[in-house]
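Colleague: As you go down the protein sequences, you meet chains W and B in turn. Note that the numbering used here has the first sequence beginning at 411, numbered continuously upward. Note that the numbering used here has the second sequence beginning at 411, numbered continuously upward.
If you are wondering where the hints come from, they were derived from the structure by calculation, not from laboratory data. A few of these clues could be false.
The list makes no distinction among identical chains, and a pair is therefore deemed to hold if it is satisfied within one copy or across any two copies.
[As the list claims (entries may be wrong)] Computed cross-link-like contacts, BS3-like style, restricted to lysine-lysine with a CA-CA straight-line distance of at most 25 Å:
| hint | residue 1 | residue 2 |
| --- | --- | --- |
| 1 | Lys-1006 | Lys-930 |
| 2 | Lys-500 | Lys-461 |
| 3 | Lys-589 | Lys-941 |
| 4 | Lys-877 | Lys-800 |
| 5 | Lys-935 | Lys-1006 |
| 6 | Lys-461 | Lys-884 |
There are 2 protein chains.
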Amino acid sequence: MAVEEITSDTSNMLSEWPPGPLDLYRKKASFDWKKMRMLIEGEDVTAFKAKVWRTLEREPLFFHNSWEELTRSEERRLTFARMKRLLEIKFVNEEDYLTNPYLIPAFVQTIGAYNWSLIVKRVLSQEYFVTNAMTNTSDSENLVDDIKNFRAFGCISITEMAHGSNTKDLKTTATFDAKTQEFVLNTPSLEATKVWSGVLGQTATHAVVFAQLYTPDNKCHGLHSFMVKVRDPKTQKPFAGITIGDMGPKIGLNGLDNGFMHFNNYRIPKGSLMNSHADITSDGKYVPRVTASEKTGATLGILSAGRVFITHMSITNLQMAIVIAVRYSATRRQFGPSTEEWPIIEYQTQQWRLFPYVAASYVLNNFFFSLYQDYVDFFVTSFNPVYGNKGEMGAEIHSLSSCAKAVCGWMARDAIQESREACGGHGYLKAARLGELRNDHDANNTYEGDNNVLLQQTSNYLMKLFKEKIDNQKTVNSPFSSVNYIDDYENILKTKFDGDVHNLNSLIKAYRFIVCWLLKQSDTKMNVLLKKYNGDIFRARNECQAYYLRSLAIAFFECNVIERFHTFCSEQSIPENMRTVLNKMGLLFALWTIEKHLLILYESNYIAVEVSNNMTTSVRETILSLCSQLKDEAVALVDVLSPPDFILNSCIAHSDGRIYEHIFDALSHNKGAFQQPDWFTEFTEKKPQILTSDSQLKAKL
Amino acid sequence: MAVEEITSDTSNMLSEWPPGPLDLYRKKASFDWKKMRMLIEGEDVTAFKAKVWRTLEREPLFFHNSWEELTRSEERRLTFARMKRLLEIKFVNEEDYLTNPYLIPAFVQTIGAYNWSLIVKRVLSQEYFVTNAMTNTSDSENLVDDIKNFRAFGCISITEMAHGSNTKDLKTTATFDAKTQEFVLNTPSLEATKVWSGVLGQTATHAVVFAQLYTPDNKCHGLHSFMVKVRDPKTQKPFAGITIGDMGPKIGLNGLDNGFMHFNNYRIPKGSLMNSHADITSDGKYVPRVTASEKTGATLGILSAGRVFITHMSITNLQMAIVIAVRYSATRRQFGPSTEEWPIIEYQTQQWRLFPYVAASYVLNNFFFSLYQDYVDFFVTSFNPVYGNKGEMGAEIHSLSSCAKAVCGWMARDAIQESREACGGHGYLKAARLGELRNDHDANNTYEGDNNVLLQQTSNYLMKLFKEKIDNQKTVNSPFSSVNYIDDYENILKTKFDGDVHNLNSLIKAYRFIVCWLLKQSDTKMNVLLKKYNGDIFRARNECQAYYLRSLAIAFFECNVIERFHTFCSEQSIPENMRTVLNKMGLLFALWTIEKHLLILYESNYIAVEVSNNMTTSVRETILSLCSQLKDEAVALVDVLSPPDFILNSCIAHSDGRIYEHIFDALSHNKGAFQQPDWFTEFTEKKPQILTSDSQLKAKL
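So here's chain W without its partners, still in its complex pose (with noise of 0.2 Å):
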């Protein structure tokens, strides 16, 4: 079932939506949804897509329904009975994945509309940890083989109850004896209990765990990473001097067992070393392998690949959430000019909350297949010797899918979260989704570093190269040329708007002097900060964020995505009727983000006196005039985004769009529905000891 069995006509894979009450809007579409789709994905991945959602729709273990409820150890048993499936399955070889790279997170996407658990749990434990055992341990390649084939099953461990962000500081010690060859773990402190790793609580036999190196000497050499066995995969039970725990409940993500686990002198070969970086004597001096530099680099790369991945992750949750409620708008009636009530879409306020959102899932979507790409040619790059500017490409990707999995997080979230209110009361239910998509969303803003830090990554990066401009004139540019446009900041910084809110062109220019104009203007407050605090960079960036530099790496980041999406609506190849709409998306698009930011632009004159007036009323209008024109095409984007029912698993969002029948199946079928609760003597017979009336009340006072 590999990806060359996949028909190669991919308009066959695609069924019709069934005929129901959405025909209404989808009639009224002025492009043809499976042909957009095939554009805005590739007809590979569309394909390949159909192929997966088809055989999951088919096995019997992954049947499911929207009103469904499952205990947490119901979900982890079901999460690992499906994982072990998916890998029998396996629906690509490796050879598919380097022919074509977009397969993969075309995979995670799959299963994860299905059921975000299931592919975390995969990743981490599979691509992820192979990942971190293939680069480094001296027996990897058994272990590669063990993973593969289910004889282990590998975690990694960093965090600790006291820290998260700041590595640096983690407490786990891994100190070497040379008598035996060792080294010998521990867990110093409560504190420094190893929490939060994904796939230990229940079943991990490996860990990659990452502790401060100790030498004989009592000498730290900082934090390094350890192949560690953890539980014996005879037994699936912990090894002594190793206490795991399973961490229990969590918001989501419950199919996922995250574990907590503490080290008493737990004694580890020599060999658990990760030494791709540093290495150690066998009478324990610590020989470090490649410079602090080239060590940064590296994990730059690989920490870059989970944020890639999370940034699609929420781009697909956006896109399952606008779906889910675009469809219900297009088929929900209520009140209306005369007797017939209208569809709750054709209401001003319904489409301003819901549309730039779907305006959004496209312009991320493509964002996304951009960043990917450069990504992929950043990792090939890294494995080439020759070919030089490795450094700056993982820089530069690091400093775009920091800001990508902030931006685009709560992009998802804040997508979600108005979605289930614009589904009102029936959105509420359990079963109509909204509910599990924020709730596994939400992890998504917090691993794999916060938003608010990582923003912090972004613009780092982005004063780093503004500085060297202004101090040593050094140009700005990078491998993939998102920066390159600040190199002409001083000349940006003198234009002002040319007043054409209609025009993408006009409004990247804006967005462009935002992004000059908040690097300026971040610069001189650092200064004066430094000054401040006698060149303390610690204190001065903290009083930078807020308005500064937390601002540049958002407006940075939305820049960039509108960039991207211009120069793909420019291709020759879409045609017509497809680019009119995908331009006015573009420009809903730019136009609801550089809202929030038209307050920079009246404060530094880039907007003209003269024309201030109705600037604020210009873009407002023009949001809701392509609102207004992009209704008529909502019901056809959301079906271009849409995953089959059997993955939607929504009640009010049925491709049918019979949304009543539905959600009134899943008020019946629900357990219990219409069972008598157990304990209905406590309200027929045993009554509670109370005062019989007022009046009585009355007479005792």
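Could you slot chain B onto chain W? The hints should help.
Modeller: Below, chain B alone, put in the same frame as chain W:
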């Protein structure tokens, strides 16, 4: 255990917080948290709440912990049993409520902080139902007595599957049959299924059912309510002719049993008609008792009560979330300029994310107390046949409670989410309670009116007054003075900003300008649209929502909130040290909310050109400066708002500040923390059928 028994020495009722890491900041506060608590809620309320909380903590039935995982059926059973126990304990008598009406919301808040399902179930089945029952049916006295003594259990049934906000179009029918002197209830379609009725799912014996009244001549007289016996109180089974189901799992509030219901020629006696507004003669003639406008006035009053209480519930959630986030931030340390890490509350971003919500907790708390006083005045007046402006009072309360419910609901939603993210990974633990707060609170933004629809109630009210001023020179004023300044709109629109961002008075003036500006702009826009649509007010209003009427209602609310806080802070009796802190919070709240309207102030030239260059920066710098000034007060400020640890029930926010001990407690006590899953042989023995190595795979290809 009535209120009189509560000791007058309130200070003694409040225990000191246990010593621990939070002392660092507690010691720095400029005021006494106990005095502040009594100042902002009154001694009676403080004492009452303390008493209730202590009682709950001692009741075995109310035992809970932060890591417990209950199935829905366990939640239902417990909620029911606790509700029954609350009736036995009877914290307050009706007399106490009359003496101090603030005890009513205090009771709701106190129990709600413990568990929202419990208090919602209690209020819906008791207070809300009784209010409905008492005023209307013929045998209401007996029924009320039955309800209070657990012989009957009531619910309200309005919403149908296809109709929520648009109640006028509900489809359930009640046709009078003169032969038998009965009404015949029918559910004419699947879409007309009654849904969301709280307490109906498993428990109600009686329901106030809203249905279209048909006389025997087949004439429809519109929506009326009927007291319907739905279950036999002896067996708890639905009567023949009624199908009742439980709606199953929801996003939150799963202790509450929402139900759905079908009628199939279900006959109820003639006397079931709730006949205070209209009645029917025995030969089937319809007799209205009140005019339509009288009916509207009375209805508005009843509906307002729900919104007033939801406003309070939202504020309570906002407060609990911010208590958790501030305590966590004051004890969690990460990074730092030297070897000692900083508590994350020291970071500008963290302050900027959280402290505006600390301010909102106080400003909105005061708003609620003030609005509630207005509501009580209205309520008392409505029973007074002489005093004349009931209608005006009702309309103003309706306007205020509508926007209050919407904006407070959203602010609480955002506060909970920001708190969740600000607490990082640990905030994602179920035991942190933020997930539960979010899921339970979510309903507040939908039930008793979708927020966006509610805002239209406020804008309609304002626009009507404004129109009468413009067209008929009618003075704008209202019983509770919330709109009085609008009368002076012409002069207000001529004013300019005085530039003082540190003065709450200046900000109130700016807010009043914003409200008047939006009124004027909306009126102009409406006139254009009315012309465009030939006087069709429905379409005109629809296209005047985003940026106009919606913004108007929000700004009007915020202005009113700030005015009321300003009045409160000016009270002579407030000690100066407390006034200083309160003033800072008022200012922070005002700047933080007005920032979102600054574009209006630019576009309208309220900010004169010569100062516009730094208005945005001034506002923002002042926000940051106030955050920084409040940093050492924040822990004490949330101590004022915090329920006891047992009620707050968050493993990351105990009042002793020992976060890691409590987190570890939650981790190690959750169900199955150290247990092997019973499916572990799925890994150790039953291997998946996959190819055993990459080389074999290649050989096969």
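Colleague: Quick one: which hint numbers does this structure break? Sort them smallest to largest.
Modeller: Those not satisfied are hints 3, 6.
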